[in-house]
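A.B. asks: Chain by chain, the residues run as shown.
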Amino acid sequence: MLPPGMEAASVPGAAALGQTRRVGDRVGDGILHGLTALAALIGVAIVFAIVWRVADGAWPAVKLFRLHFLWAREWNAPLNKFGARDLIVGTVVTSFGAMLLAAPLSIAIGLFLSELAPPAIRGPVGTLVEMLAAVPSVVVGLWGIFVLAPFDAQHVQPFLGSALGWIPIFAHGQDKVESTVFTAMIVLTMMVIPITSSICRELFIGVPTELEEASIGLGATRWEMVRTVVVPTVRGGVVAAVILGLGRALGEAIAVSQVIGNFIPLKLSIFEPGDTLASRVAGQYQGAITNVQIASLIYLALILLVITFITNVAAQRVVKRFEFQRTGGA
Amino acid sequence: MSEPALSLKATGRSRRRLLTNRGAEVGASAAAAIAVAALLVLIWSVGSRGVSALNWDFFTKGPAVFGEAGGGVAPALVGSLLLVAIATALALPFGVLAAIYVSEFAHPRFGRQVRLWLDVLNGFPSIVIGIFVFALCVKVSLPVVGWGRHQSAIAGGSALAIIMLPLVARATMEVLTLVPNELREASYALGVSKWQTVLRVVLPTSLGGILTGTTLAIARAAGETAPLLFTCAIAGQIVDWNPSHSVQSIPLMIFQNSESPDPNLHAQAWAGAFVLIVFVLVTSLTARFLLDRSRRKLGLQR
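Sequence lines, in order, name chains A and B. Number 330 marks the last residue of the first sequence (this note's numbering); no jumps. Number 302 marks the last residue of the second sequence (this note's numbering); no jumps.
One chain only, chain B, in its complex shape:
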């Protein structure tokens, strides 16, 4: 008597199940491959077209006369720098203070409300924010504010600040909740008052996370175009550091040049896109690195 050989090969129903499983695995891997491929194609086309248009003039000169080759985007570079600086100067203090209110001072019910409305603000389309600032600062002159009836770097910077505010606040809230309560309690037990605890214990502990959030917000703001459409100039011929003047910016330059028929301007748009993408990717990678480090530090203190 010999036993029939037991086959380990799946048949019938279990074979079907295994095949479905295999199919799903291949599908999910393919989806990830598509996403990564899309990013690589994007970066490759921006890189290959952008680098060839980069030269010293690009960074130092103003735009060439229409139709002529050469020229650069120095005014737009300076403008972008100015806009992002103004936006950061406005959004960082307000965002951090609002976050401190929510996680250190507010009654949980108020805190939830503030967080909810900041999320709503984050969900607003950026173009609507552009229209808001346009209606507030550009169209109607506010006597108190004084820089009135024209487009300016301050107007554009404020629009970017509104975009950055919820990002900074949200990131700060998250890192403040990571600060161990033992640290606060130790400080109170030593007789330190609440405001000193917040400023000398809680904030320094969470500084890394706040900087990370701000860096990510800066990366986002540097690439925003829609809010600048109505609040900043389209064309700028000379480098201008005055924040009450209207300034050109890199994203707007790309937008404008991409719709023009001049191939020379297209090349400049690609070069601008390359500069922008390098800036954005480097800042967000740095931020990610900093975040990992500060998380680890907080984890060790626990």
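With the rest of the complex left out, here is chain A:
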């Protein structure tokens, strides 16, 4: 309570206090607030500008081919016939194939680095794996052309072909093909592993030690602890990590275009050349002459944009739901 005789009005109110701030401070606050808001706005605006410009560039092709573009097979520049089906299939096959290899490997690496490795190894191996992420894609592609592809053609393909050749996707012809869908998968696997495995490691390290100790205390082996406590606790995060890796694989243009052979129509076997959305754009944009071809290539980029956007939003959704579950359930 205020002492008698001292009315509330005579105490300088909050609003009045605000007025006592120096003009320079108020202006400075306003300017910095405005500047930073502008920068943030520009960052967000770039996202929408990209979508708008790409959609705009693709518009002539969208008008001409409509959605039929999505399942038309032919890509014939002289006849002005363009279709994306084989490229979409190629993109999905290479990326999912890469994730099929990369996801279990990444989880295993994450587990090794968080649960298994002695501290002296943890740091160096973790840094090495993360350094793999820093290797530029064009260098991985160069290595893919001159080292990995010949090795694949001479050793891996005959081996897998003779072991699994009765399955059509592993069918292996007589001649050794160097630029293949399979090589692209391996290259993508190498590029994705550092991303997913470092996220997995962080997740596994974040699992409360009490939970792990409780499990060990109840007599579980280390593997049983991982299977019943560690992985289930962070399942959502692991799924999100895999989806993020998938997004990276879907959008990779350069390394894939270097090793995949840039050839459609797609064959059934993964030991044959193929092509993906991103790699076709990278490979043909310079040489594109007609407006229809340019627009069709941008149409491909638009499809890619939609696919990667959906993947990223899905990953964020999974993370959000997972965080909600964890905090809501506790």
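Rather than coming from a laboratory, the hints here were simulated on the basis of the structure. Please note: incorrect hints may appear among the correct ones.
A short, non-exhaustive set of chain A residues, derived as facing chain B with CB atoms under 10 Å [to be verified]:
hint: 1; residue: ILE46
hint: 2; residue: ALA49
hint: 3; residue: LEU100
hint: 4; residue: PRO104
hint: 5; residue: ILE121
hint: 6; residue: LEU128
hint: 7; residue: VAL135
hint: 8; residue: GLY237
hint: 9; residue: ILE254
hint: 10; residue: LEU277
hint: 11; residue: ALA278
hint: 12; residue: LEU297
hint: 13; residue: LEU304
Footprint (simulated), chain A over chain B, 3 or more residues, beta carbon under 8 Å [as the list claims (entries may be wrong)]:
hint: 14; region: 122-132
hint: 15; region: 193-205
hint: 16; region: 221-229
hint: 17; region: 261-275
None of the values given here were measured: they were computed from a predicted structure. Ideal Cβ positions, reconstructed from N, Cα and C, are used throughout, including at glycine.
Given the coordinates of chain A, work out where chain B should sit on it, guided by the hints.
C.D. replies: Using the frame of chain A, we list chain B on its own:
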């Protein structure tokens, strides 16, 4: 009466459990070994092929006439330098300011939105960003911007800047949240206004982390090829420092040479890859070291 000897050897079920455990451990270790081996093989092949093609001419001369041995990549080196400088000059201020907005000024709801869209931008394939800049700066001439209708280092640098922006912003946000609130409150208690608190207390404290994030972003941008495909030149014969001209760059040189039939150009591609990989690895290792140090410093202040 003698007790039957108790064996500590696991049998039956527990033996099976222990074997499964052992198998899983071996599997996880093997996976890590494969990843490390892949990196070592990669670095070894780039190193062994790259070093032999390195010489003084490589750094100082322009490319040789087609089919001839010798020559260098001086134009590409200068071009890469120019591109990365432009990209950093654009991405650093915008990224840091956007991050300051999110963590110091914005209502949490707006902040979340900005962060979300920056993540989306980070997830965009780099080739799409190349097409965007191509459509914006190269194909359509903007009278305001003025450098119009041709490929240029500014166009390529802008494309790289868009790739760097979310990386810089994200790293800055993370380090700004690490700045202890006590520092801000102490500053307010002394009567310092918000903008001065941000510029004189918060930013200097987080400078190390911001530099780390920027360095990592530079390492990433230096190796990007896809955004430069449409915005920069493929061939460059002479060293050119003019940012409004089209410039050659190291990643694009590697990409181009790797698809050519000339073994001399292959050797140059390997040498370029070696230079690039050394640059990228050294920068990211330095950044990591700086990050550790600045984290420790922030931890001590708490």
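A.B. asks: So which of the earlier hints does this model not fit?
C.D. replies: 3 and 8
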